[in-house]
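Number of protein chains: 4
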Amino acid sequence: MAVHSAPKSSARAKVGVLGASGYTGSELVRLLLRHPNVELVLLTADRRAGQEMRTVFPQFSPFKLPKLVSIDGVNWKKTALDLAFCALPHATTQKVIGDLLAKAPKTKVVDLSADFRLHDIAAYARWYGHEHHAPKLQHEAVYGLVEVHRAAIKKARLVANPGCYTSCAQLAVTPLLKAKAIAPDEIVIDAKSGMTGAGRAAKEEMLFSEVSEGFHAYGVGHHRHMAELDQELSAAAGRDVTVTFTPHLVPMNRGILSTIYVRGVGGKSPQDLHAMLSETYRAEAFVHVLPFSEMPQTRHVRGSNLTFIGVVKDRIAGRAIIGAALDNLVKGASGQAVQNMNLMLGYPEATGLEQIALFP
Amino acid sequence: MAVHSAPKSSARAKVGVLGASGYTGSELVRLLLRHPNVELVLLTADRRAGQEMRTVFPQFSPFKLPKLVSIDGVNWKKTALDLAFCALPHATTQKVIGDLLAKAPKTKVVDLSADFRLHDIAAYARWYGHEHHAPKLQHEAVYGLVEVHRAAIKKARLVANPGCYTSCAQLAVTPLLKAKAIAPDEIVIDAKSGMTGAGRAAKEEMLFSEVSEGFHAYGVGHHRHMAELDQELSAAAGRDVTVTFTPHLVPMNRGILSTIYVRGVGGKSPQDLHAMLSETYRAEAFVHVLPFSEMPQTRHVRGSNLTFIGVVKDRIAGRAIIGAALDNLVKGASGQAVQNMNLMLGYPEATGLEQIALFP
Amino acid sequence: MAVHSAPKSSARAKVGVLGASGYTGSELVRLLLRHPNVELVLLTADRRAGQEMRTVFPQFSPFKLPKLVSIDGVNWKKTALDLAFCALPHATTQKVIGDLLAKAPKTKVVDLSADFRLHDIAAYARWYGHEHHAPKLQHEAVYGLVEVHRAAIKKARLVANPGCYTSCAQLAVTPLLKAKAIAPDEIVIDAKSGMTGAGRAAKEEMLFSEVSEGFHAYGVGHHRHMAELDQELSAAAGRDVTVTFTPHLVPMNRGILSTIYVRGVGGKSPQDLHAMLSETYRAEAFVHVLPFSEMPQTRHVRGSNLTFIGVVKDRIAGRAIIGAALDNLVKGASGQAVQNMNLMLGYPEATGLEQIALFP
Amino acid sequence: MAVHSAPKSSARAKVGVLGASGYTGSELVRLLLRHPNVELVLLTADRRAGQEMRTVFPQFSPFKLPKLVSIDGVNWKKTALDLAFCALPHATTQKVIGDLLAKAPKTKVVDLSADFRLHDIAAYARWYGHEHHAPKLQHEAVYGLVEVHRAAIKKARLVANPGCYTSCAQLAVTPLLKAKAIAPDEIVIDAKSGMTGAGRAAKEEMLFSEVSEGFHAYGVGHHRHMAELDQELSAAAGRDVTVTFTPHLVPMNRGILSTIYVRGVGGKSPQDLHAMLSETYRAEAFVHVLPFSEMPQTRHVRGSNLTFIGVVKDRIAGRAIIGAALDNLVKGASGQAVQNMNLMLGYPEATGLEQIALFP
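Chains as they are written, first to last, in this note's numbering: chain A, 1 to 360; chain B, 1 to 360; chain C, 1 to 360; chain D, 1 to 360.
Mixed in with the good hints, there may be bad ones.
Straight-line alpha carbon distances no greater than 30 angstroms define the calculated DSBU-like cross-link-like pairs of lysine-lysine that follow [unchecked claim]:
#1 C:Lys103 / C:Lys77
#2 B:Lys154 / B:Lys95
#3 B:Lys178 / A:Lys313
#4 C:Lys64 / A:Lys8
#5 B:Lys14 / D:Lys8
#6 A:Lys14 / C:Lys77
#7 D:Lys67 / D:Lys14
#8 A:Lys313 / A:Lys180
Just a few of them, taken from the derived set where beta-carbon distance is under 10 angstroms, the chain A residues facing chain D [stated by the list, open to error]:
#9 Ala198
#10 Arg200
#11 Ala202
#12 Lys203
#13 Glu204
#14 Glu205
#15 Met206
#16 Ser212
#17 Glu213
#18 Met252
#19 Arg254
The hints are simulated quantities; they were obtained by calculation from the structure and are not laboratory data.
Small disclaimer: the values here were computed from a predicted structure and weren't measured.
Don't be surprised by glycine CBs; every beta carbon is placed ideally from N, CA and C.
Chain A with its partners taken away, still in its complex shape (with noise of 0.2 angstroms):
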């Protein structure tokens, strides 16, 4: 068949994926490919090495793209990306993005692992037990939630792109608790994501048969997405936060919902909550706030990178329930990892993710 493509400007960004055979690598390749400012250059997927990407993921078979590379064969310096997109595994990551801005530094990078997103290395040394690799890069690094650091992102050379849980919440209470509105000691989040969550490793406990008609909590207590919740909250509130958090996994593909539980503090009723986030997302793309007392549902944002949020009075006077979707893949990683490149690279921060949800 004759390969179709949508239009692309002349000049464009030479990018690379770096850990292109798993899900997220999957979808910036799905999101890249139609993007108009860009040149996919560089594929690597270091076991799948010397693969056409068609034969790891089937859909792009009628697509051009270059062969996926083994990363330790890469020459940064000759390759001269614009931006690299890491989508590697954590740890990984920090000896990768040390040695391909050492070598090419003018490169910028999207990091979508939690390696590069806590700032304080003493944290990171506690919830993932050995120590930072690259500590100097974590100073320079800047914290990838657009609709809360967009300044700094512009101007940013090494973006730690947030995790699919820490967004969908985030996204639903910083402005809450940056305005004071809520009681920052009393809010549980119940999160509930889609399997792709989990990654591509072949795990008994991501089998089909084991996760389908079913539902489960995990990683009750101590999940490590907690660390980057505190910093963020935290910061937002600031003072320290510590939120209970309950993640689930659910029999889909794809999203996050996350039911929220809050207390209203200084006089601010569900209503008001409501306005509030109303407010600030009045001209975000990809925050939508629904109308007040509808609940939002992961199907009506799948493959798109929007956030719906939704707020509804709870019948105990005060406290209301925030509901927040979104695609952990699209929002959740990959789109929002898009929309930091957008800004990086100085396009219009929606460019080439306009994506309409698909549903059913």
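Chain A is already provided as a structure; the job is to place chains B, C and D on it using the hints.
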């Protein structure tokens, strides 16, 4: 084919299922067909009257069952049921049972609807928007959560089988409230149910294409099960209890998981709460408390009459996260109903309820 | 939020979707919202008239769309559509389109129903049980499978968009019948479809709990799509062709996979058949033939307008097994319809159809 | 909790499950725990040796079961099993059973692997790529499809439990081939299986995110089950039979549906074929032939040991479409194995297999 049958005892109770064309109805038939002390002599289904059960539920194709009839055509006196299961829609139920017990006062009844669950007739009118149609019977009705009200159930003529969400939450929370071990004003119940909980009525929002591959909350802030929760938890606590309760729909058929956030009082640690639950259910046939720090999964109770309960320490001091899982059609409805029948008719409580969970 | 939009060209066609509350309707809106040459000016939905599209399909909540109106209230002359997509139920369609074209004869129409697909009005009456309501328009209608009838479609005013099952089978078999490379009397088409193919009408047999975790055939021996298959495959073969065709329902939302059993004639081997299909579709934008011996998967075309075709050698000499996969809502319905629109209005054929499959 | 148990008879057979950590192993445990004549005394699982069964399959948490041990540590003579179920991977099996029967020659064995299914050792070597490790035992082994080989199974020491796909197809086709009622050279078997058929090994292609929301064929043209089909169908027909057979994977846990295309010979109509199947299975406990023109669904046999068969007339004269559905883990594996055990140990054939399908 020749139908194989489980051994049946010689003296069997004559039992009927009113409303056999819904999911709780078919689940009753599944359990009763293999119950050694029961003879199924009546199946009603108004819209399918005159049809064989196999046209409504083809899984019963090999089995000999009474033809479906209309309730209006049943002569209660002549039929002389020992026990009737009533799996009819809300409101209809009060009239049908009133009529049945007027004509056949010796028949015992297990009602699976919400019609007789609220002791307070004013609360009923408030939540359901109309006066109760059988207030006298309401006074007679016993709330049928066996593990809480066993003694009363044994002597009851009319048992109100509890709701699926409320059963799940009560089994986890009631013993702790009775013991005044948790703060009654800070209970958050985040509940997730499979789709069979919504019944078999053909509604757009229940279509496969609408609900697969997604997750959402519903009835937030105003779900009717709250009235039942209020009643039972307040009774347990010896004071008014109002909980925060949010139900969600999971793209799976069977199962409820309640994630329950509580705070210990009187110095009770999460480990203490776990020990109290373990002790409460030590001799129970159908409630299993997992080792401390393990959380239950709905798939491990699917098709069985079991409830699995787990307790985990939250990272916020004093707080615990309790998980409770059951199959909404079995322990959450028809299995619970058979358990009630066993007590009411004097059979060993677990008779006919030995099914082991179907996983995977 | 501020709605981001894809770039739109200055001169845009005025387009309407009749029947926007069903799945093919919403899929048209998904595609047309991002089509650079289209302005969506009319959305009808009789039972939801007066509502916003967002109440019917919440995924469109952030987007500006015309309010849903009733068809009866539309002034076709005044509305002056350049093109109308008709996604209405069978039979209604003939009357609506008859009326529309009488009043606005310059409007072009792509009809997604089965109403104008059968050239032979007698065959229509036989399969559908009533006389055709617009026989004159039937003579004008062009069967809209672009890869087979491209030239005629470019000149057409009324195009009958093909059925999903038949599109899938035809793309695989038509070139081989035309070339007389397979035996026309020994074709077996075993087809499997996702649930969206059954539409959005609330029927018991389409409920999640009825269709999840299971698989079954339906309409065996007498599915209406057979009439369309007979017509098109006979035309391709130049003689009467009657195939064996069995549709099945898969517990998934989107996708059709046809497994087609054929026997080569005139010495044609499976490899020869593969070569012929590859050559036929070499320059096509939306049909992709996989390397010999690879079979397609529905998930790799989900959300895209692509059809993937694979050919494998059977172990019985001379026989081949052909697999064809497409997304029933895109290439099997709304994407195909936009492809037709592009030809009818003179746009490049692939405009607005560049979506890459959403996997996982 | 207090474990409730089904009544057990006083004299029980000592039974072991070799390979208890896979799905057929856990399914055996589910069935045997409730079998009145069986005492489960041995569970092996090499990689999980030393663990409790509940850590591998939490649904067994409330039940008392032997701890998992390594096969190498079992003293076969001392353990003195009456019967061993062998649910081990291919090839290992031949060695283990050879060793077991050498040391405990009175133990009976039901083997669920493919290792002893092929009578022809040369065919085995051809399909599996290595010499058979226990050719003498192969000569002794009886092929364990009860409905076809009941008499031989009753006297057997070693039974080769049939494959799931082949059981499903044979039950539908064998009686017709025996009666020479269908053309042996024109049989097309299009088979669809749930994911548990692929086992519990952690492979990327079996992850939830890979297989949900999609459908595909696999092993097209060269699936190993073909050897078993060839053997059994040829035996039935009294001549060589080679069928076209294509397996597919359905995003569900349990169930196989075979859609089988046949042509009647000797004037046999589809109705005649239906009558012959009905007569063949009239007295069978586990094969149910639906009324003519009805097709079976996998969901209606889920969790039961039943096979449902349906026959429909094709619109091509003389051709019929036969559907057969079973649960691949029950009648397609562990239920069939228990049925074999019952015959081998002299219990009524249906003992412990009375479970009714779990639908929805």
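The hints, checked one at a time:
1. C:Lys103 / C:Lys77: Holds, because 6 angstroms separates the two Cα atoms, which is no more than 30 angstroms.
2. B:Lys154 / B:Lys95: It holds: about 24 angstroms lies between the C-alpha atoms, which stays within 30 angstroms.
3. B:Lys178 / A:Lys313: 29 angstroms, holds
4. C:Lys64 / A:Lys8: Holds, at roughly 27 angstroms.
5. B:Lys14 / D:Lys8: OK: lysine 14 of chain B and lysine 8 of chain D at ~26 angstroms, within 30 angstroms.
6. A:Lys14 / C:Lys77: Violated, at about 51 angstroms.
7. D:Lys67 / D:Lys14: 15 angstroms, holds
8. A:Lys313 / A:Lys180: Holds, because 18 angstroms separates the two Cα atoms, which is no more than 30 angstroms.
9. Ala198: The hint holds - alanine 198 of chain A has a Cβ within 10 angstroms of chain D, the shortest such distance being about 8 angstroms.
10. Arg200: 6 angstroms, holds
11. Ala202: Holds: closest Cβ of chain D sits about 4 angstroms from alanine 202 of chain A, inside 10 angstroms.
12. Lys203: Holds, about 6 angstroms.
13. Glu204: Since chain D brings a Cβ to about 5 angstroms from glutamate 204 of chain A, closer than 10 angstroms, the hint holds.
14. Glu205: Holds, about 9 angstroms.
15. Met206: 5 angstroms, holds
16. Ser212: Result: holds, 6 angstroms to nearest chain D Cβ.
17. Glu213: This hint holds: glutamate 213 of chain A lies near chain D, its Cβ roughly 6 angstroms from the closest one there, short of 10 angstroms.
18. Met252: At 7 angstroms from the nearest chain D Cβ, methionine 252 of chain A passes the 10 angstroms test, so the hint holds.
19. Arg254: OK, holds: arginine 254 of chain A within 10 angstroms of chain D, min 9 angstroms.
Hint 6 from the list above is the single one not met by this structure.
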